[in-house]
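J.: Chain A is fixed; fit chain B onto it per the hints.
Protein chains in written order, with the working numbering: chain A, -1 to 298; chain B, -1 to 298.
In the EDC-like style, the derived pairs of lysine to aspartate or glutamate whose C-alpha atoms are separated by at most 16 angstroms in a straight line are: (1) A:Lys149 - A:Asp180; (2) A:Lys120 - B:Glu112; (3) A:Lys267 - A:Glu161; (4) A:Lys267 - B:Glu213; (5) A:Lys216 - A:Glu52; (6) B:Lys153 - B:Glu124; (7) B:Lys216 - A:Glu271; (8) A:Lys123 - B:Glu112; (9) A:Lys216 - B:Glu161; (10) A:Lys251 - B:Glu161; (11) B:Lys209 - A:Asp214; (12) B:Lys123 - A:Glu112; (13) B:Lys267 - A:Glu213; (14) A:Lys267 - B:Asp214.
Computed beta-carbon distance windows for the label pairs: (15) B:Val248 - A:Ser250: 23 to 31 angstroms; (16) A:Phe217 - B:Asn157: 19 to 27 angstroms; (17) B:Asp183 - A:Gly182: 57 to 65 angstroms; (18) A:Trp211 - B:Asp151: 36 to 44 angstroms; (19) B:Lys120 - A:Gly182: 31 to 39 angstroms; (20) A:Gly182 - B:Val248: 20 to 28 angstroms; (21) B:Ala203 - A:Ser176: 49 to 57 angstroms.
FYI, nobody ran anything at the bench for these hints, they're computed from the structure. Heads up, the beta-carbon is just placed ideally off N, CA and C, and yes, glycines get one too.
Protein chains: 2
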Amino acid sequence: MFKIPDHQVAGHQASNGMMGPVVDDSGLFFKPLQKDERGSKEVAFYESLASNIEVPDKIRAYFPTFHGTQLIPASDGSGLHPHLVLQDLVSSYKNPSIMDIKIGSRTWYPQASEEYIQRCFKKDKETSSLALGFRLSGLQVHVSKEAGYWKPDRKCFQNSSAEIVQNVLKKFASSNISADSDAGDLDFDCAFAPSVYGGSNGILAQLLELKSWFEDQKFYHFYSCSVLMVWDKEPNAAAAIKLVDFAHVVDSKGAIDHNFLGGLCSLIKFISEILTDHHACPNKPCSDSNSNCNGDSSDR
Amino acid sequence: MFKIPDHQVAGHQASNGMMGPVVDDSGLFFKPLQKDERGSKEVAFYESLASNIEVPDKIRAYFPTFHGTQLIPASDGSGLHPHLVLQDLVSSYKNPSIMDIKIGSRTWYPQASEEYIQRCFKKDKETSSLALGFRLSGLQVHVSKEAGYWKPDRKCFQNSSAEIVQNVLKKFASSNISADSDAGDLDFDCAFAPSVYGGSNGILAQLLELKSWFEDQKFYHFYSCSVLMVWDKEPNAAAAIKLVDFAHVVDSKGAIDHNFLGGLCSLIKFISEILTDHHACPNKPCSDSNSNCNGDSSDR
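Next up, chain A with everything else stripped away, as it sits in the complex:
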């Protein structure tokens, strides 16, 4: 009945006998409650969100649907364990390309312990979080039925420059990458950028709608929370974003979540440049499906 998810790109994973999330075949995702306060804090957030009538429906749709908690067998064989019961965000996709992007230049909240702050602080400095306001936490890009997915090791992109991060975002929407692609190489064509990132329902439009809410909302501050971007080459598989991971959501104390908002605006700028920056595509805009996005065709 329960099985290990096929398409998890970040977070604790139920492999090698570890406790991790499982899914069923009805479209539910079961996330084990972490034993310290993180588990109870994530439940408390989902319960608060469910009862908060001031969150507009269009914004609520960016969060996984919450179906309470349930005692089910843990994936590590240790017996029954409480799990969050959530919508499986990728069950409706056949070959999902997925990116998990942790938002915010700071992943720690002011009330956290000194030890926790120092640990996060170090990670934020070592990765792109501090410089760019976000970091790529995990990704897979569908290449083809035969080749499967490009699923680079996170070491290859996490402590990266703006240029490498931009390359990875371009590869996420390209038709010509290989499964053993390198995060730093320039083999991408941005062929799917207009349909995945662009358009009135594309990822950029969704990020901008989320941004408007963050400019206004003073309910929650989201630390160490990710934007998940999912799309699929299948027809009728719309590109979508969702927010995930709420173990470190805290009260706003009267201000907007400037840390999340700043990082979100930075991501938005990266993505909007893929759609508009003609420097990156000197001959043709990226919206041309045959364009050469790095402008250096002699490399191929």
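T.: Below, chain B without anything else, positioned relative to chain A:
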């Protein structure tokens, strides 16, 4: 010829024999170059800005006009010292109300020394910077010819809650405060809020124009930089914002300044709520010049 400015609310001040800025009677402000790299970095920023043709004129107008550097007698009597020659931002106001707001939840830049980072980190946690994304660095509000200015000690508002900071922002645009007002009391009427903060040329509109630029620009990251808000009750003395203090501007490394932008959006939310939040003025909107902004007239 040179004299100590009448209306400086933050930063090093030329009093008690210290070296600080001086002004002349032609509308120039002379800021002594700090002897360490801060001085040369601030000059380098002004020079870069002056030659950067991609900065729109309407944005350039938010920076003090730069007239180079000049050797003039230091205010501490130590002899000739190099000074930045800048526009005196308040010389055209008779009785300026001024607020200096340091923007960003983080005042240190990644490349700074560990000792500098730790010092800023501590200050950001102790003040409202970390929680709100900005802190009030200094202020004066003109009360009347007889009473002079309300110029509270920065201890009273710098490490404050969102509520106190909001009160101070309301007092900044009120007609009924006293020179010995307390940052925490509720004696304010927001009488000038519509003309100072609101309108198509008011402070909110200016902050929003600056925000649009920060969503896009990837030239500079501004650490420990302030927005200065100035206005005067005199007719024809328009409310204005300026950016000041550029000793800690660094290259963007390919991303927008998410730290400054997040803090700026937080400040914008505070100010827009003064104009629109009817909870703060239950009986009348703040745009009524006789309204009672705290909704508790029994206190008076």
